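Visitor: Listed in order, the protein sequences are those of chains A and B. Counting in this note's numbering, the first sequence runs from 1 upward without gaps. Counting in this note's numbering, the second sequence runs from 1 upward without gaps.
These are calculated hints, taken from the structure and not from any lab test. Any given hint might turn out to be false.
Simulated restraints, written as ranges between beta carbons of each label pair [stated by the list, open to error]:
id: 1; chain 1: A; residue 1: K37; chain 2: B; residue 2: E24; range: 52 to 60 Å
id: 2; chain 1: B; residue 1: G31; chain 2: A; residue 2: N132; range: 28 to 36 Å
id: 3; chain 1: A; residue 1: Y42; chain 2: B; residue 2: K67; range: 49 to 57 Å
id: 4; chain 1: B; residue 1: K32; chain 2: A; residue 2: S23; range: 44 to 52 Å
id: 5; chain 1: A; residue 1: E139; chain 2: B; residue 2: T5; range: 23 to 31 Å
id: 6; chain 1: A; residue 1: Y87; chain 2: B; residue 2: P136; range: 40 to 48 Å
id: 7; chain 1: A; residue 1: T129; chain 2: B; residue 2: I2; range: 26 to 34 Å
id: 8; chain 1: B; residue 1: M59; chain 2: A; residue 2: P4; range: 26 to 34 Å
Quick caveat, the model's predicted, so the values are computed rather than measured. Don't be surprised by glycine CBs; every beta carbon is placed ideally from N, CA and C.
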Amino acid sequence: MSGPVKLSLTRSYRFAASHRLYSAAFSEEENKRLYGKCGNRYGHGHNYIVWVTVTGPLDPATGMVANLSELDPFVERQVVEPFDQKYLNEEIREFQDRVPTTENVCREIYRRLRSFPGARLESVRIQETGNNSFEFVGETGAPQQAAEGRAR
Amino acid sequence: MIRVTRKLEFSAAHFYHNPQLSAEENRRIFGKCNNPHGHGHNYVLEVTVAGEPDPATGMVLDLKELKEILEREVAERMDHRHLNYEVPEFAGKIPTCENIAAVIWGLLEPKITKGRLDRVRVYESPDLFADCMAEPNGAHGGAGG
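Only chain A is shown next, with the shape it has when bound in the complex (with noise of 0.2 Å):
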């Protein structure tokens, strides 16, 4: 093979959740400003889809990055079981201090999928609808604890 190659390997999951966009430190009327119809009292809900990128070197015995059956059951404890047909706001106990936006879930879930053993995750993309997505790319090159201090 011509030069030293990089490969990884993503997979998509699915959750169901509903969310409201509503931060306590803004006025009424600010919220409204910002967040629109996202901030209406009683919340709205989205299919969301969450495609999980590892990296690392190719196992030699399986010729894999990481093997699903690892990573699908990881995924669904840490992400999809907590998420699925849930009130972000309240029900994720991240999100009761932290306006549950896309971007934020994005670096929630990478938070919760980090301690991966199988390889390194590498992103987190979440398209939100068919329209829009959200990528958290961690913080590549920086020491594992500074990565997880702003992860947070």
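Given chain A, put chain B in place with the hints provided.
Guide: Below, chain B without anything else, positioned relative to chain A:
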């Protein structure tokens, strides 16, 4: 710099088996992908070439030429084939999505003479794909465990 991407679909059969492991180990690690009769996918290949457009043609490379390279190097080798048995590039390799991307990278990289091969992405299904890219600066920055 401009990136140009061309897509190719091909259908192939494969199964996962490491002859150095016991039958039981193979079943444990690979699950139903270890079925010796194989199974198949409609693979979707996306090949990205990066470079500066030629001022005379406005193109990084002629997409028709890229299409012909993909047909010759990938479709003719792999389309409607059993990757384990009929594609010599997988001899001694398990034809995982990652290895398919790496093999296709190895086939295409020397054939791309205008621009440079930037990324090979292989979708095994709409919810799973592998990417092969040049290691940044040839270092191992992205491949840590």
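Visitor: All the hints need checking, so say for each whether the structure fits it.
Guide: Hints versus structure:
The beta-carbon spacing between K37 of chain A and E24 of chain B, approximately 56 Å, falls within the hinted interval of 52 to 60 Å. In this structure, G31 of chain B and N132 of chain A meet the distance hint of 28 to 36 Å, their C-beta atoms being roughly 35 Å apart. Separated by about 52 Å at the C-beta atoms, Y42 of chain A and K67 of chain B satisfy the suggested range of 49 to 57 Å. Here the CB-CB span from K32 of chain B to S23 of chain A is close to 47 Å, well matched to the stated 44 to 52 Å.
Between E139 of chain A and T5 of chain B the C-beta distance comes to about 28 Å, which sits within the given range of 23 to 31 Å. The hinted range of 40 to 48 Å is satisfied by Y87 of chain A and P136 of chain B, whose Cβ atoms lie roughly 41 Å apart. Between T129 of chain A and I2 of chain B the CB atoms are about 29 Å apart, so this pair conforms to the stated range of 26 to 34 Å. Range check, M59 of chain B to P4 of chain A: about 29 Å between beta-carbon atoms, so the 26 to 34 Å window is met.
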